[in-house]
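Chemist: Let chain A serve as the given structure and place chain B on it in line with the hints.
So the sequence lines, in the order shown, correspond to chains A and B.
Heads up, the first sequence is in the working numbering, so the first residue is 286 and it goes up one at a time.
Heads up, the second sequence is in the working numbering, so the first residue is -11 and it goes up one at a time.
Please keep in mind that the hints were generated in silico from the structure rather than gathered at the bench.
Given the structure is predicted, the values throughout are model-derived calculations rather than measurements.
Each residue gets a CB set at the ideal place from its N, CA and C atoms; glycine is no exception.
There's no promise every hint is true.
[Stated by the list, open to error] Some chain B residues near chain A, calculated using beta-carbon distances under 8 Å:
hint, residue
1, Val32
2, Tyr41
3, Lys68
4, Tyr71
5, Leu80
6, Ala83
7, Leu84
8, Phe86
9, Gly88
10, Glu109
11, Ser113
The chain contents come next:
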Amino acid sequence: MSGLEQIIREKLANGSDAFLCLKNQAGVSVPVLITSPDSEDIEVAELGEVRYPLGKILIALQKEHPDTRLAVVVRGCDERAFIELSKLEQLDLDKLVMIGVACTPEEAEACGCAKPYPEDVTLGEKVENPRGLETIERLESMSDSERMQWWKEEFSRCIKCYGCRNICPMCFCKDCSLENPHLVEPGVIPPEFPSFHIIRALDMAGRCIDCGLCEESCPAEIPLRSLYRKMQEIMADKLDYRAGESRDEKSPLSFLGEEAEIKNLE
Amino acid sequence: MEGMSVSEEVRILAFLCNWCSYAGADLAGVSRLQYPANVLDVRVMCTGTISTYFVVKAFQEGMDGVLIAGCHIGDCHYLKGNYMTAKRFQVLRDALKFLGLEEGRLRLEWVSAAEGEKYAEVIRSFSDEVQALGPSPLRKKDKTA
Chain A
286 MSGLEQIIRE KLANGSDAFL CLKNQAGVSV PVLITSPDSE DIEVAELGEV RYPLGKILIA
346 LQKEHPDTRL AVVVRGCDER AFIELSKLEQ LDLDKLVMIG VACTPEEAEA CGCAKPYPED
406 VTLGEKVENP RGLETIERLE SMSDSERMQW WKEEFSRCIK CYGCRNICPM CFCKDCSLEN
466 PHLVEPGVIP PEFPSFHIIR ALDMAGRCID CGLCEESCPA EIPLRSLYRK MQEIMADKLD
526 YRAGESRDEK SPLSFLGEEA EIKNLE
Chain B
-11 MEGMSVSEEV RILAFLCNWC SYAGADLAGV SRLQYPANVL DVRVMCTGTI STYFVVKAFQ
49 EGMDGVLIAG CHIGDCHYLK GNYMTAKRFQ VLRDALKFLG LEEGRLRLEW VSAAEGEKYA
109 EVIRSFSDEV QALGPSPLRK KDKTA
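With the rest of the complex left out, here is chain A (with noise of 0.2 Å):
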């Protein structure tokens, strides 16, 4: 990718002390940063195959380092992620130069977001994709005794790796409520139904950005992202809020709120 070596190189020309990215590696993407210009990373930094979620990365050089400006790629659900982290005080997109990135049609189809390109877009082309509720609807038109059955089947081959949570770019706390012996009770596999997987949904209502990340990571290949994706419909539905949509509204599961907004409740 040309395009990317030649606005690395730019950026850390302009201003930018260092650019975070992906580099191929052997035929492996792994992250790097790049603080030079004349770093030989350039030339095999790549956007990957596989998506990264940089965002711990970004989250945790912040802090280290709250001065700098550091650029980095963005894809859609990148960019929202950002932004929904921004708002929970873990990123300050002041410092952060974002390069946006457009999924390819067949990217966006597989994938199945509802927005697959960030606000500005430096490479590619912006795609319109529909939102991909098939598997939702499909459940709701079960009876619930039929729907906690399919649930449970599939959370049945849960291994409990935690691979969903610590791939999640929303995910963030230091105490999670997954670890705790009261409402997880440790050493039971595969976790209780619904508890394990009915707090990491409680949790992701309004934050959860669509990256799909969970699903893709999950190695007992359990339709979490419908779950998920549930609850953005949820919180769109009852609280008017789509995670990561706006760069300073924030959810309304963050603070008290106001009478008009409990307007919903029947």
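Modeler: Only chain B this time, still in chain A's reference frame:
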């Protein structure tokens, strides 16, 4: 509840806010109002302190229905605590519904300290509703007693 032994009865957990609903329940008691005895109540300082985890935990531990009762909107002792409850509740109920738990098992009511009669009525109707749904599908088999 005729013809039913105690163990077959459904169990309900009620989270009551200290300032309104607990006093409302107290009033129902001193007024000698009749309501079903299968309700276990937990007094909390404000319904806004009730984490969604508490409700999940209640179902996990074998409750068949969970009631959250607090001050009317605008009357919260902490001004806006029940706004949080209202927002959280809507998300929680829909999330549990999506996993297959009937909506009727979770209820939010506003009961003031003067509404002893309303409290008794809420418990009566909620108990009937949960009774009609039967034992919760999340009940653990070894914890039915």
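Chemist: So, for every hint listed, does it hold in this structure?
Modeler: Hints and how they fare:
no. : hint   : verdict
1   : Val32  : violated, 16 Å
2   : Tyr41  : holds, 6 Å
3   : Lys68  : holds, 4 Å
4   : Tyr71  : holds, 5 Å
5   : Leu80  : holds, 7 Å
6   : Ala83  : holds, 6 Å
7   : Leu84  : holds, 7 Å
8   : Phe86  : holds, 5 Å
9   : Gly88  : holds, 3 Å
10  : Glu109 : violated, 18 Å
11  : Ser113 : violated, 15 Å
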